[in-house]
Structures are given as structure tokens and as C-alpha cells.
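S.K.: Based on the provided sequences and hints, a complete structural model is requested.
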Amino acid sequence: MNAPVAEPAAVLQPVSCDSDVVAARQLVRKLAVELEFSRPDQALIATAVSELARNIVKYADEGEIELCAAASGSKTGIKVTARDRGPGLDDVELALQDGYSTGNSLGLGLPGTRRIVDQFEIRSEPGRGLTVTVVKWR
Amino acid sequence: MARRVPIISQGDLLIAAVQEELSDGDIQEMQHSILKEVSRRAASKVILDVSLLDVIDSFGTRMLSDIAASVALRGARIAIVGIRPEIAMAMVLLGLNLENIPTALNLDHGIAILRDRS
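Protein chains in written order, with our numbering: chain A, 14 to 151; chain B, 69 to 186.
Worth flagging that the hints you see were computed from the coordinates, not collected in a lab. Be aware that a few hints might be false.
[To be verified] No more than 20 angstroms apart at the CA atoms, straight line, and that leaves these computed lysine to aspartate or glutamate pairs for EDC-like: (1) K43/A to D122/B; (2) K71/A to D31/A; (3) K43/A to D31/A; (4) K71/A to E167/B; (5) K43/A to E89/B; (6) K71/A to E97/B; (7) K43/A to E154/B; (8) K43/A to E88/B; (9) K92/A to D131/A.
[As the list claims (entries may be wrong)] Okay, the calculated beta carbon distance ranges per label pair: (10) A84/A to L175/B: 51 to 57 angstroms; (11) D176/B to D74/A: 41 to 47 angstroms; (12) Q87/B to A84/A: 32 to 38 angstroms; (13) P27/A to E97/B: 50 to 56 angstroms; (14) K43/A to Q78/B: 34 to 40 angstroms; (15) K88/A to L120/B: 27 to 33 angstroms; (16) D80/B to V24/A: 46 to 52 angstroms; (17) S114/A to V160/B: 17 to 23 angstroms; (18) G143/B to W150/A: 44 to 50 angstroms; (19) S85/A to Q87/B: 34 to 40 angstroms; (20) Q87/B to T89/A: 28 to 34 angstroms; (21) A84/A to S112/B: 54 to 60 angstroms; (22) V160/B to Y113/A: 16 to 22 angstroms; (23) G79/B to Q132/A: 51 to 57 angstroms.
[As the list claims (entries may be wrong)] Far from chain A, some chain B residues (derived; all Cβ distances over 12 angstroms): (24) V73; (25) E105; (26) R109; (27) A137; (28) N174; (29) A180.
Where a beta carbon is used, it is the ideal one built from N, C-alpha and C, also for glycine.
M.R.: Set out below in C-alpha cells:
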């Protein structure tokens with residue numbers, strides 16, 4: 014009768030068009046509400062997911078957003094992994110500078126996202142894809 | 069799937085009420101319909117109510133700026149109203165702002181600032 018403690022399942026949202034960006038935003042908002050994030054933090058994580066998902070549509074055509082609950086000590090949070098099989102970034106540091114953009118945008122997507130989360134990690138394999146992992150603690 | 073952005077007009081005032089969860093495409097479509105209505109109704113004042121938007125990210129901010137600039141080029145004045153407090157906070161942290169675009173707490177205040185400036 015010893016039911017194993019259920020690991021929080023990861024939610025996967027494929028991302029290839031702008032309605033997927035909306036869907037990813039809705040999913041993370043739902044998770045943030047379930048994990049009792051404050052309203053400002055709900056807005057921050059939803060905004061971060063929006064930026065990451067849009068980057069996939071814009072630069073890689075397709076990829077996915079994976080969401081899961083994260084725990085560290087007494088902290089609870091949300092971990093977001095944005096994965097794509099696009100061109101990756103040749104210069105990650107450059108892409109993290111405010112105002113740098115190869116697309117027609119404000120260039121605040123990645124650097125802005127880094128500012129509104131607690132942990133930010135970016136792994137680029139030029140020609141093969143980009144993985145951005147962020148964590149926001151409650 | 070495009071969502072309608074209800075646009076109502078009263079005299080020379082247009083009010084566009086953004087609905088929840090607009091996709092990027094929906095926002096672009098909204099820009100077209102607002103501009104079309106400004107011309108059709110010869111509106112001189114536009115209120116864009118974004119109180120139902122729960123995310124305004126870098127694309128959303130750029131689109132709001134574009135809408136404001138294009139409405140201004142048509143000779144009308146615009147106020148963006150109802151940005152939620154938590155959204156305002158997120159925008160500032162992201163480094164986003166709506167410089168030179170009048171914003172107001174709600175519809176009434178928006179109408180008041182547009183009237184004051186005429």
C-alpha cells in the first residue's frame with residue numbers, strides 16, 4: 014500500500030506558432046497559481062515563458078517548453094526549459110546584452126528574461142539548437 | 069484563431085478593449101482594426117483598454133508603441149489604460165516602457181487626460 018510519492022509531472026508544450034506561445038503562457042500561469050505564487054511572480058514567470066516561447070517561434074521555427082515544479086530545501090519554484098533545434102547562438106554573451114537583436118525586435122527578450130527569473134542557464138549548440146533553462150522561486 | 073477586439077465609438081472617441089490572451093497575430097490584427105476604425109469614424113481620441121491583458125512582454129510593448137505611433141500619425145490622440153500593477157512591475161524589470169505614450173489608471177482617467185489635452 015506504499016504508494017510512491019508522486020513526482021510532479023513535467024508539462025510539455027510543443028511550440029511552433031504564436032498560439033502555442035499563448036498556450037505555454039496559460040500553462041505556466043496555471044502551474045504558478047497551483048504553487049501559490051504571488052500575483053507579481055505569476056506575471057513574471059508568465060512573461061518569461063512568453064519571451065522564451067516567442068524566441069523559439071521566431072528563430073527556430075519549432076521546439077518545446079517544458080514546465081515542472083522545482084524544490085530546493087524549503088523553496089518551491091517553477092523550472093522552465095525552452096528547447097529548440099534551431100540555429101543556436103554563435104555568441105551567447107552578445108545575445109544577453111540589452112538591445113542586441115538579429116531580428117526586428119527590442120532585443121530585450123533574453124536579457125530581460127534573465128532579469129526576471131532567479132536562475133538562468135543557456136546552452137547553445139551552434140547549428141543544432143538552443144536550450145534555455147530558468148527557475149523562478151516562489 | 070483570431071479574437072475580436074471590441075471597438076466601440078462615442079462621438080469622436082474610440083474605445084478598444086483588448087481581450088485576454090491575445091496571440092502576436094491577434095495583436096497585429098488589432099492594430100489594423102483600430103486604424104481602420106479611426107479613419108471610418110473620423111475619431112480624434114482613442115482609448116486602448118488593456119486591463120484584461122495578463123502578459124505584456126517585449127513584443128506586446130512594441131506593438132502597443134506601434135499602435136500609439138500609427139494612431140498619432142492619423143492625427144488622433146491615444147491613451148493606454150488599465151495596465152495591471154503586476155504587469156507594470158514585470159515590464160519595468162524587463163526594461164520595457166511606453167515612453168511618451170499617455171497612460172492612465174482606468175477608462176475614466178484616460179478619457180479625462182485626452183479631454184484635458186485637446
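S.K.: None of the hints should be skipped; say for each whether it holds.
M.R.: Results of checking the hints against the structure:
1. K43/A to D122/B: holds, 12 angstroms
2. K71/A to D31/A: holds, 9 angstroms
3. K43/A to D31/A: It holds: about 19 angstroms lies between the C-alpha atoms, which stays within 20 angstroms.
4. K71/A to E167/B: violated, 26 angstroms
5. K43/A to E89/B: holds, 13 angstroms
6. K71/A to E97/B: Roughly 18 angstroms separates the two Cα atoms, so the pair holds.
7. K43/A to E154/B: Holds. K43/A to E154/B sits at ~16 angstroms (cutoff 20 angstroms).
8. K43/A to E88/B: holds, 15 angstroms
9. K92/A to D131/A: Given that 20 angstroms is the threshold and the Cα spacing comes to 10 angstroms, the pair holds.
10. A84/A to L175/B: 51 to 57 angstroms: violated, 43 angstroms
11. D176/B to D74/A: 41 to 47 angstroms: holds, 45 angstroms
12. Q87/B to A84/A: 32 to 38 angstroms: Given about 36 angstroms between the Cβ atoms, the range holds.
13. P27/A to E97/B: 50 to 56 angstroms: violated, 24 angstroms
14. K43/A to Q78/B: 34 to 40 angstroms: The hint (34 to 40 angstroms, Cβ to Cβ) holds, given that K43/A and Q78/B are roughly 37 angstroms apart.
15. K88/A to L120/B: 27 to 33 angstroms: For L120/B against K88/A, whose Cβ atoms are near 32 angstroms apart, the range 27 to 33 angstroms holds.
16. D80/B to V24/A: 46 to 52 angstroms: holds, 48 angstroms
17. S114/A to V160/B: 17 to 23 angstroms: holds, 20 angstroms
18. G143/B to W150/A: 44 to 50 angstroms: holds, 49 angstroms
19. S85/A to Q87/B: 34 to 40 angstroms: With a Cβ separation near 38 angstroms, S85/A and Q87/B satisfy 34 to 40 angstroms, so the hint holds.
20. Q87/B to T89/A: 28 to 34 angstroms: holds, 32 angstroms
21. A84/A to S112/B: 54 to 60 angstroms: Hint holds: Cβ distance 55 angstroms, inside 54 to 60 angstroms.
22. V160/B to Y113/A: 16 to 22 angstroms: holds, 20 angstroms
23. G79/B to Q132/A: 51 to 57 angstroms: holds, 52 angstroms
24. V73: holds, 15 angstroms
25. E105: Correct as stated: the minimum Cβ-Cβ distance to chain A is 23 angstroms, above 12 angstroms.
26. R109: holds, 29 angstroms
27. A137: holds, 14 angstroms
28. N174: Non-interface label stands for N174/B: nearest chain A Cβ at 18 angstroms, farther than 12 angstroms.
29. A180: Check passes; 27 angstroms lies beyond 12 angstroms.
Checked against the numbered hints given earlier, this structure breaks hints 4, 10 and 13; the rest are met.
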